[in-house]
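Number of protein chains: 2
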Amino acid sequence: MAKSARKNDEIRFIVHGDEAILQPLIAKRRELTDIVEIRHAPDVVSMDAKPSRVVRNGKTTSMWATLQTVEAGDAPVAVSCGNTGALMAIAMLRLRKAPGVDRPAIAVLWPSPRAGSHKVVLDVGADIRAEADNLLQYAIMGAEYARIGLGIDMPRVGILNVGTEEHKGRPSLQDANKLLEAAAQGDGFTHVGFVEGGDLASDTVDVIVTDGFTGNVALKTAEGTASLIRGFLKEAMMHTIFSRIGALFALTSLRRLQKRVDPRRVNGGVFLGLNGAVVKSHGGADATGVSAAIKLAFTMAKGGFSETLAQRIASHATKHEDAPKTQGDTA
Amino acid sequence: MAKSARKNDEIRFIVHGDEAILQPLIAKRRELTDIVEIRHAPDVVSMDAKPSRVVRNGKTTSMWATLQTVEAGDAPVAVSCGNTGALMAIAMLRLRKAPGVDRPAIAVLWPSPRAGSHKVVLDVGADIRAEADNLLQYAIMGAEYARIGLGIDMPRVGILNVGTEEHKGRPSLQDANKLLEAAAQGDGFTHVGFVEGGDLASDTVDVIVTDGFTGNVALKTAEGTASLIRGFLKEAMMHTIFSRIGALFALTSLRRLQKRVDPRRVNGGVFLGLNGAVVKSHGGADATGVSAAIKLAFTMAKGGFSETLAQRIASHATKHEDAPKTQGDTA
Chain U
1 MAKSARKNDE
11 IRFIVHGDEA
21 ILQPLIAKRR
31 ELTDIVEIRH
41 APDVVSMDAK
51 PSRVVRNGKT
61 TSMWATLQTV
71 EAGDAPVAVS
81 CGNTGALMAI
91 AMLRLRKAPG
101 VDRPAIAVLW
111 PSPRAGSHKV
121 VLDVGADIRA
131 EADNLLQYAI
141 MGAEYARIGL
151 GIDMPRVGIL
161 NVGTEEHKGR
171 PSLQDANKLL
181 EAAAQGDGFT
191 HVGFVEGGDL
201 ASDTVDVIVT
211 DGFTGNVALK
221 TAEGTASLIR
231 GFLKEAMMHT
241 IFSRIGALFA
251 LTSLRRLQKR
261 VDPRRVNGGV
271 FLGLNGAVVK
281 SHGGADATGV
291 SAAIKLAFTM
301 AKGGFSETLA
311 QRIASHATKH
321 EDAPKTQGDT
331 A
Chain H
1 MAKSARKNDE
11 IRFIVHGDEA
21 ILQPLIAKRR
31 ELTDIVEIRH
41 APDVVSMDAK
51 PSRVVRNGKT
61 TSMWATLQTV
71 EAGDAPVAVS
81 CGNTGALMAI
91 AMLRLRKAPG
101 VDRPAIAVLW
111 PSPRAGSHKV
121 VLDVGADIRA
131 EADNLLQYAI
141 MGAEYARIGL
151 GIDMPRVGIL
161 NVGTEEHKGR
171 PSLQDANKLL
181 EAAAQGDGFT
191 HVGFVEGGDL
201 ASDTVDVIVT
211 DGFTGNVALK
221 TAEGTASLIR
231 GFLKEAMMHT
241 IFSRIGALFA
251 LTSLRRLQKR
261 VDPRRVNGGV
271 FLGLNGAVVK
281 SHGGADATGV
291 SAAIKLAFTM
301 AKGGFSETLA
311 QRIASHATKH
321 EDAPKTQGDT
331 A
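If you're matching them up, the sequences are chains U and H in order.
Residue 107 in our numbering sits at position 107 of the first sequence; the count goes up by one each step and never skips.
Residue 53 in our numbering sits at position 53 of the second sequence; the count goes up by one each step and never skips.
One or more of the hints may lead you astray.
Since the list can't tell identical chains apart, any single copy or any two copies may satisfy a pair.
Derived DSBU-like pairs: lysine-lysine, alpha-carbon spacing no greater than 35 Å straight-line [said to hold, decoys possible]:
hint, residue 1, residue 2
1, 3, 319
2, 97, 168
3, 234, 295
4, 50, 3
Just so you know, the hints here were simulated from the structure itself, not pulled from any lab data.
Since we're looking at a predicted model, the values are computed, not measured.
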């Protein structure tokens, strides 16, 4: 928070948790005292708590209180590092699905090859299933997120599959491919068809839609691969005296590299499709990670993300009410 | 081939393809002339050919001829860099499923953190679906592959899921978890329960089973991530004069690193569950990649892989014949 406050003087916080613990922590940071309000919540949601249990018994937790604050309109966006399943479950209950949304999704920003660029990938774990209709909504929501979060005017949207040919993959993906093709232009995105796992790291697409099972596995696989390579690299660098000298010289490069692949910097998973924005930071996030999540939350609140998204979904629904399966504008 | 021949003097090849092209290529390499037999095949299977078409019209292709050679017993194992779908389709037709196997799978070797160690991941794309029974057979086949290919006596087998808790994921995965728990010791592996995408890069498991859709996406995501990081690293290294000097010194480290993460070195995907072994190398594989695939094929042939695997499957079936609720027919 202190990190975010130093970088951004428009930001204000409402912090939920045990006041006796939070009060002295905040008091220590002079830059925070004026911009932070503490709201006491006696309990916390543990990382291994079952979402269904939390929904029944979690009313005194800081997570619950945080989402109630957003529900009440006291804050436009919530940031949490806690249990993802519980956060989603409480968010569904308190904020409820936005009108017209069948299934909310968790979206993440994924690094792309071009310097500093990212893409949006969703769903990475809100729901393990996704039918063709859901994938279409993910496309509309993901495109809106790319527009506000990444500043891409007409995002290129692709469907994750095991091959790029039209006959590949599950029947629901082939249906989704047709739905996206029909919706694309009118709903503010370009449809690029099927993409593969390798395209998560390519420059050919800005938004990748998939079911929450596949997305979750892909996200964790990529993170695991990155940390595996970091480990190999460190080991390789320490191997000989020459490479140790090399490592010394290469230090700046490695720091620059770390900045690019550091999962903490692309940390903010975002819940899309609710009445209010929720940014989920990694459980293990440190100051850099939380600061990235806060920055993302601020950008979304400032851009009026939830409102714009609601309009998009409503406009898609209206267009397709009278004219099933026709294309909207051909702009 | 020349690379493999230099490293291994027990190896012999039967090469299928256009004799007019192959003859002069082989003749140029003196070390190959005595150990290579050329069998003429006028056509090739293109990389974008539909498997169903190839099965109907592909009898004159080199791929078809290669698998017929294995079927006839002239070679114990086939190596191909071609179209995976077509290779699987022809292999199913010519070699047929091994007795007791419902669904063959493609397995790959995945790098692990410990120096030089790998794990087995399957299915990475033979079939996009897998029921609980199929995952159990993947576990038995993957464990056998880890035993012969990696020399691990009692491989630890895990099921890929979106969390490690027992209540997570699809119902079919929960069923598979129970089947593997019941089968484990008797079928020569240790069951570790659910693993996540991050465990593909961890040391906690030797064999990971999943459906071919998820496995394919994970494999390509990991490859994409590795090449993304390689690109970032190169860029970072060229950024300043200091890091250029560093890069110069770090060259040996980087080469060592590349050896560890180079997908060409863990290139051989293997078709498990057929009457005969088939090793699939990447379409874009160069000499290093093909050599890795050939080495793997040789190890498997020498270890009598197909025979041992058939015994395992048969013994599992016998043990569970009286017991209800296993080995049901899916399809």
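Point to revise | Homo-oligomer pair classification [residue 295, residue 234; C-alpha up to 35 Å] | key: both (30 Å within a copy, 29 Å between copies)
Check your understanding: Given a CA cutoff of 35 Å, do residue 3 and residue 319 count as a within-copy pair, a between-copy pair, both, or neither?
Key -> neither (44 Å within a copy, 62 Å between copies)
Practice item. Using 35 Å as the alpha carbon limit, work out where residue 50 and residue 3 are close: within a copy, between copies, both or neither. Key: Result: close within a single copy only, 32 Å intra versus 55 Å inter.
Review point. Between residue 97 and residue 168, at a C-alpha cutoff of 35 Å, which is it: within one copy, between copies, both, or neither?
Key: both (32 Å within a copy, 23 Å between copies)
In this structure, only the earlier hint numbered 1 is contradicted, and the remaining ones agree with it.
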